[in-house]
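> Read off the chains here:
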Amino acid sequence: MSLSEGGPLGIPISRAILLPPGTFGEVLRLALEAIDQVHGDGTLTEIYIDIDPMLDEESMYHWIKPVGIPWNIALRPGTHHPRLNLVHEVGHFLDHQAIGMPGTFASANHAAFERWRETVQTTDAVARLRAVAAQSRNRRAIDYADYLLGVEEMWARSYAQFVTIRSGQSELMVELREKQRRSSRSSLPVQWDETDFLPVEESVAILFRDIGWMR
Amino acid sequence: MNEAERQRQIRELVEEYGLDEEDAAFAVRLAAGETEGDVKAITLPLPAAEAKRSIDLLIEHHGFTLDEATRHVAGDRTVIEAVAARRRAADENRMATGEPLMRSSTLSAD
Numbered sequence: 156m157s158l159s160e161g162g163p164l165g166i167p168i169s170r171a172i173l174l175p176p177g178t179f180g181e182v183l184r185l186a187l188e189a190i191d192q193v194h195g196d197g198t199l200t201e202i203y204i205d206i207d208p209m210l211d212e213e214s215m216y217h218w219i220k221p222v223g224i225p226w227n228i229a230l231r232p233g234t235h236h237p238r239l240n241l242v243h244e245v246g247h248f249l250d251h252q253a254i255g256m257p258g259t260f261a262s263a264n265h266a267a268f269e270r271w272r273e274t275v276q277t278t279d280a281v282a283r284l285r286a287v288a289a290q291s292r293n294r295r296a297i298d299y300a301d302y303l304l305g306v307e308e309m310w311a312r313s314y315a316q317f318v319t320i321r322s323g324q325s326e327l328m329v330e331l332r333e334k335q336r337r338s339s340r341s342s343l344p345v346q347w348d349e350t351d352f353l354p355v356e357e358s359v360a361i362l363f364r365d366i367g368w369m370r
Numbered sequence: 147m148n149e150a151e152r153q154r155q156i157r158e159l160v161e162e163y164g165l166d167e168e169d170a171a172f173a174v175r176l177a178a179g180e181t182e183g184d185v186k187a188i189t190l191p192l193p194a195a196e197a198k199r200s201i202d203l204l205i206e207h208h209g210f211t212l213d214e215a216t217r218h219v220a221g222d223r224t225v226i227e228a229v230a231a232r233r234r235a236a237d238e239n240r241m242a243t244g245e246p247l248m249r250s251s252t253l254s255a256d
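In order, the protein sequence lines correspond to chains A and B. Numbered per this note's numbering, the first sequence spans residues 156 to 370. Numbered per this note's numbering, the second sequence spans residues 147 to 256.
Just chain B, with the same shape it has in the complex (with noise of 0.2 Å):
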């Protein structure tokens, strides 16, 4: 579908159906095949590209090691789990010395 085609489809919805701008975007990729929705099945080994980008943003976002981050790529759950109670941890941490929490949760279980 070119552009001008897909813009003329969202002003279509906004206008005659009252959608907002982004709704009506996502309206015209489902109706054109080109998304499901917002629940997608991925399938391991990801691609290289996507794995490479997972890999860096665990690491920059998340605190993983690139250890810990390949690990995760490749499948391993157990590597999530570690990272999660290690932030809880830091954060706990952070809350008792006042300082501003970086990254996890600050709630701790009942």
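Okay, chain A solo, but in the shape it has when bound (with noise of 0.2 Å):
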């Protein structure tokens, strides 16, 4: 679809997102760009970007509990997909925050997921994860597919690859390519192939226009 399809509508996601100086956050900004073409949002909490040389992860979406507000979204420099993974937290980021009552995760439940839950379970890259899950005895492997098939994170990877298709932005294309390349030949996908994906681009498209983000 080309973006005059679609569009974004209402306040641009990055005018809540307070990025770091210097040439990562310039690496960073791209990534934020190309959630504005894609999608607006209604009001949004401000969150500001840690880049944390000591972070295990590659990315981390912190949120305070028990109050449920967003704390920050920590990214360990160096990466080779610095911002897919700046994109998958800003997904967990707005589903913590954005859709539903904020601080829950309204993709677990919220009846504006509805479409995308059911359409995501229908995959064969969920089905190959189901597959380790049930089938491998290998723990390591079955405890990883059980965390790819979360609903939370199936959502952020889903709002990631949705983000990178449909904006185009080229950094993150190349990104996006490289995981999917890895995931075509693995039996625990991360992304979707370009095929697969497809209903589930378009249920996003549908739950953006339902709550008003996207034309």
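Check before you lean on any hint, since a few could be wrong.
Below, computed lysine-lysine pairings styled on DSBU-like, alpha-carbon distance capped at 35 Å [to be verified]:
1. B/186 <-> A/220
2. B/186 <-> B/198
3. B/198 <-> A/220
To be clear, the hints were calculated from the coordinates, so they are not data collected in a lab.
Please dock the two separately framed chains into a single complex, following the hints provided.
Spelled out as structure tokens, the structure:
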């Protein structure tokens, strides 16, 4: 779909996200600009980006319990997919803060996600993950498959792929293609291949149009 | 888990399941109970060392004053709203004068 067929509505997401200065901040700015090209949102609370060289994971979304407000998105510099990681974490942030009741992850139960929840379960990538979860004898592979099958994680990966494809932003596309190449050879696919993702992409577009974030 | 065993488990996931190194390392940490994933709830107050790191980062990277950073780390959410508004205004001013943007997003609301 071309941008003219969709396009953002509402307030740009990037207004709520405080980027760090310097080269890495400029790298990440491209990811936020890609999001802004695709969709907006309603009123979103602010969050800052924490560049943390000591972070164990590539990226994290932190929130404060028990109040359910966001704390930061942390990113480890030097990873292979910094932009895709940021969009993935923004997916968690939006799921937690912008749809449904702030402080709860809407992807798991909110009615707006129902079509997406049904659609993502029909994909080949999810079927392959289920097969590992059910049949593997490797505990680490099973745990990882179960993790990837978590609704919130499937949402964040769907969101990152959706924004990348709909924006067409070249650096994000390079990062996604690398993940897709690896996933196509893996029994534990992290992202969907192009054809497999088409119905998921459409379900996310419908969701965003339904909640007024896209034309 | 010793490092040699960790590396063996990572290689196993790379070779037998086709994961990349970063995802395999994550899967090993996940199975070992060393992480619960990339979404994490924290509680305030932060431990002293983490609070100090956060305050330094907010000042150095995000233009908070010491007072603002200290209040934010203590849980005052009004601070980040004010800082974000200030940064947007600064960026809009830079856009108007053609200076390079320093920090926050460039786009204004519809």
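> Would you mind marking each hint as holding or not holding in the structure?
Do the hints match the structure? See the list:
1. B/186 <-> A/220: Roughly 9 Å between the alpha carbons, so the hint for residue 186 of chain B and residue 220 of chain A holds.
2. B/186 <-> B/198: holds, 20 Å
3. B/198 <-> A/220: holds, 20 Å
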